[in-house]
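**Q** Here is how the chains run, residue by residue.
Number of protein chains: 2
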Amino acid sequence: MTTSTQIQLVSRPVGTPTTEDFATVQVELPELGRDEVRVRNEYVSVDPYMRGRMSEAKSYVPPFDLGETMTGGAVGRVVESTSDALPVGSAVLSSYGWRDVAQGPAAHFSPLPETELPLSVFLGAAGMTGLTAYAGLKRVAGLREGDVVFISGAAGAVGSIAGQVARKLGASRVIGSAGSAEKVALLKDRYGYDDAFNYKDAPVRKQLREVTPDGIDVYFDNVGGDHLEAALDRLNRGGRAALCGAISQYNSTERTAGPDNMANLVKNSLTLEGFIVGQHQDLQGEFAEKMTGWLADGSVVFDETVVDGIGNSVRAFLDMMNGANTGKMLVRP
Amino acid sequence: MTTSTQIQLVSRPVGTPTTEDFATVQVELPELGRDEVRVRNEYVSVDPYMRGRMSEAKSYVPPFDLGETMTGGAVGRVVESTSDALPVGSAVLSSYGWRDVAQGPAAHFSPLPETELPLSVFLGAAGMTGLTAYAGLKRVAGLREGDVVFISGAAGAVGSIAGQVARKLGASRVIGSAGSAEKVALLKDRYGYDDAFNYKDAPVRKQLREVTPDGIDVYFDNVGGDHLEAALDRLNRGGRAALCGAISQYNSTERTAGPDNMANLVKNSLTLEGFIVGQHQDLQGEFAEKMTGWLADGSVVFDETVVDGIGNSVRAFLDMMNGANTGKMLVRP
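Protein sequences appear in the order of chains A and B.
With this note's numbering, the residue at position 240 of the first sequence is 240, and numbering never jumps.
All you need for this note's numbering is the position in the second sequence, starting with 1, plus 1000.
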């Protein structure tokens, strides 16, 4: 009999989650039924959107159930199978998140192509993370040739891909913000940003103004709060903001005042559009084709921050929320 | 020789404008040159957007010049002409705003059709005001058959038309807010709103929640501030807000905190889009055809608040900013 180590949510966090909100359990796995597979997860994803699901409030995805194992993106290989479609050795993607061994109907696992790239890329650059960047820039913000683009949280999982995708889509200038000098250097030296700043150095409003003398046309928001406010100051007439996340507010227990310059929306005919990647799954085909090409020829690069041990999933999640990661944050069970 | 009485801006108001910011002057008009007309204005428009132009800050239209006559929409009839295109008696629309007699090149005046409707309608329901309502609902908010629509400032010039246009475009339910019990009654009894509330009675957030048990799909914003915040609470997944104005903030001298629920944009995939009617002039043809039909058959009604005497233009403007008008505010020189 095989054991699966799994992380469960046991209480709903108020404010910043703590390790006490979770429990690590050992689950004895039954024999496989018909058309089932057992999968050893190689990488498990921790993502900002999971914070929303830990609360009871309705969101675009239902809350996690208390006493159930945390679900989310995971990639691995089939180690036991009663399915003709997914023989032992197959690489698969599933949403059986925070566990080292996943087991269930074969239909719950999607086969992944064998490439030169590590499997983890299908959680990050070539997965939901990359599609988020691509859909947000291309469809939501309607990025056009020559646009000046600002991306907040630019060294994170989505942001590090978004800067490079913006360039591919024709941006004339790409500006980013991040939370340390090292990350700012990475934005400029590795991800091809034209300019970048550390948002902890001085007010975002001031720093953004200094690096965008001609304003911005597109804003890709991962942060919300002072970043969104600063962007509203700098968006040119007809400017568009794709709102992907507001990590600055996810742990907030109080209502936070919004931007003090909302009048700019009318004054400059701006558009703010919130989105989730799920609305744009129809772009998956065109995205996957382009991105695997860019990754293969090295014209798009990606980074991962990997934490070892499924028992460290909570720590990895909390570190990611605090910006400890560069690129995609992953747990290697 | 003919004299024109004109209102000029003489100082830039800080906060609420006062009569001291304006001067009434008598201008002696010269003989007509070639291809010119002299027009006796029958109605002059006062509009919220003019507050922005009184300040020096850049906006979507340049600021008014100090010591120059206030420009803006006006309709009248030609009383003297050296133009074959515009003989004496022609009804015309111009942007020679706050004056009783306007004079200039014939090309600066647009001929208006002779209809059963008063000329004033080409400043209001069938003019820029009506087009603002139509473009905002149809194109900016993308109103679809069956949508629940909320309109703030619903008894104002744009709002009183917007509610009726929303119905024409297929809204299943139209909700409005206004600033007095009389206006609320008007919304329900005359403009066909399904429900309405007086925003002075209790917090907007609370009142809007009570009258929108199933949320809203489209918000047409004339007010900003607490109204926008309340709408963000009630907008359903994929909801759209057309931001037409923020009259609650036009006289503000301090930065005002924005909505405390901006996170709903991401959570519910909402779109906020600011617009000005000038971007949608291409809809003028289809709009004019439909609206003149609706006005002629009485299926769209309109109201006007008329102030007599060009010398009362400033008073009319200030009263309009305070919500003293029902429907379109006009000055009859």
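Check each hint, because a few of them may be wrong.
As a list, the in silico DSSO-like pairs of lysine-lysine whose alpha-carbon atoms are at most 27 angstroms apart [as the list claims (entries may be wrong)]:
| id | chain 1 | residue 1 | chain 2 | residue 2 |
| --- | --- | --- | --- | --- |
| 1 | B | K1290 | B | K1206 |
| 2 | A | K290 | A | K267 |
| 3 | A | K267 | A | K206 |
| 4 | A | K267 | B | K1188 |
| 5 | B | K1267 | A | K267 |
| 6 | A | K267 | A | K188 |
| 7 | B | K1138 | A | K138 |
| 8 | A | K138 | A | K267 |
| 9 | B | K1267 | B | K1290 |
| 10 | B | K1188 | B | K1290 |
| 11 | A | K290 | A | K168 |
| 12 | A | K138 | B | K1267 |
Read the hints as simulated data drawn from the structure, not as lab findings.
**Q** Now, for every hint given, state plainly whether the structure supports it.
**A** Hints and how they fare:
1. Distance check on the hinted pair: K1290(B) and K1206(B) sit about 36 angstroms apart at the alpha-carbon level, beyond 27 angstroms; violated.
2. For the given pair, K290(A) sits about 37 angstroms from K267(A) by alpha-carbon distance, which is inconsistent with the 27 angstroms threshold.
3. Distance check on the hinted pair: K267(A) and K206(A) sit about 21 angstroms apart at the alpha-carbon level, within 27 angstroms; holds.
4. Between the alpha carbons of K267(A) and K1188(B) the distance comes to roughly 31 angstroms, so the proposed pair goes past 27 angstroms and is violated.
5. With a CA separation close to 26 angstroms, the supplied pair K1267(B) and K267(A) stays within the 27 angstroms bound.
6. As the CA atoms of K267(A) and K188(A) are separated by approximately 33 angstroms, the hinted pair breaks the 27 angstroms bound.
7. Taking the CA atoms of K1138(B) and K138(A), the gap is about 24 angstroms. The hint holds against a cut of 27 angstroms.
8. For the suggested pair K138(A) and K267(A), the alpha carbons sit about 25 angstroms apart, so the restraint of at most 27 angstroms is met.
9. At most 27 angstroms may separate the alpha-carbon atoms for a hinted pair to count; K1267(B) and K1290(B) exceed this at roughly 37 angstroms.
10. The suggested pairing of K1188(B) with K1290(B) holds, with an alpha-carbon distance near 23 angstroms, which does not exceed 27 angstroms.
11. For the proposed pair K290(A) and K168(A), the alpha carbon gap of about 10 angstroms is at most 27 angstroms, so the pair holds.
12. A distance of roughly 20 angstroms separates the Cα atoms of K138(A) and K1267(B); the hinted pair therefore holds under the 27 angstroms criterion.
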